[in-house]
Every structure is written in structure tokens, then in C-alpha cells.
Amino acid sequence: MEAQHGSFPNPLTIDSQSAADQNFSPTADELVKCTNGVVFTVNVSSANGTAVNQTCTSGGVSGMALRSISWPADAIAYTFMCAGDTGGTGHFTGAGYTTARAMGISIKVPAADAQAAIAHTDYSDMVTLTLSY
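Per the working numbering, the sequence shown starts with residue 0, numbered consecutively.
The set of hints was computed from the structure by calculation and includes no laboratory data. Possibly wrong hints are sitting among the right ones.
[Said to hold, decoys possible] Computed cross-link-like contacts, EDC-like style, restricted to lysine to aspartate or glutamate with a CA-CA straight-line distance of at most 20 Å: (1) Lys107 with Asp28; (2) Lys107 with Asp124; (3) Lys32 with Glu1; (4) Lys107 with Asp14; (5) Lys107 with Asp20; (6) Lys107 with Asp73; (7) Lys107 with Asp121.
For clarity, every value in this text was computed on a predicted model and none was experimentally measured.
Using the sequences and the hints, build the whole thing.
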């Protein structure tokens, strides 16, 4: 199995005045190459939130948090999603070593959490993805 590192825009601009949930797609998606037909799962952990080894699905993983470096008590909750799973089950199917499979990662910041956030420019989180097959 081979994985390619994805990334999100930096800085990620969250609108604290928006009445709608805000979705953010990566500038580069996580890509996985593995044996054709092999089923694998992706577990997600957040360094700043309560999510530890949660199965990533298109429905998302809650318990994720962006935390201010200068004000650690200030955090913004978000959901981490893997839309490339099969039917919302958290299972992905390899397409072969010559074909990269996109995991379809994105994050969603609920409107209420964005509106309640204290204005800082240094929110971050370290997300760990663990692939198992």
C-alpha cells in the first residue's frame, strides 16, 4: 500500500459571520495505491480533539478540534470526512498500484462553532490517518 500526503489551504479562512456550515476541500487529496479489490479502512485521530482512531466515513468523524496556539483554551470543533468510502461504511477498495484511489477528504465547520469562535490567526490541528487492510 502506498499513500500520498494531502493538504488543506493555509491559511484556512473560516467566516465567523456565516449562517451556514462551511465545507473545506483539500488543495491535494489523500491518494492511496494498493492491490486491486483489496478493502481497507481509514481511521482518523485529532491531536487537539477527542477523536482517536475513529473510522472515517462520508458521514464524518466528530471530536475534531482546531485549537489556537497562543490561546489553547480557544478551539473550533469540526468534522473530518472521507467521501471516497463505499456507501458510507468506512471501507475503501483498492484500484491497483497503477491507479491512485482518492479518499475524498474534507472538513466541515458547523456554523454555530464558527460563530462562537474567538478571532485568532493561529488555529491548527494535527490529523493522523491510519490505513488498515
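Results for each hint:
Distance restraint check for Lys107 and Asp28: the Cα-Cα separation of roughly 15 Å lies within the 20 Å cut-off, and the hinted pair is therefore satisfied. For the hint pairing Lys107 with Asp124, the CA-to-CA distance comes to about 14 Å; that is within 20 Å, so the pair holds. Between Lys32 and Glu1 the alpha-carbon distance is near 5 Å, which keeps this suggested pair within the 20 Å criterion. About 12 Å separates the Cα atoms of Lys107 and Asp14, which keeps this hinted pair within 20 Å; it holds.
At roughly 7 Å between alpha-carbon atoms, Lys107 and Asp20 fall within 20 Å of each other, so this suggested pair holds. Note on Lys107 and Asp73: the hinted pairing holds, with a Cα-Cα distance of about 18 Å set against a maximum of 20 Å. Restraint check: the Cα-Cα separation between Lys107 and Asp121 comes to about 18 Å, which is no more than 20 Å; the hinted pair holds.
Of the numbered hints given earlier, the model fails none.
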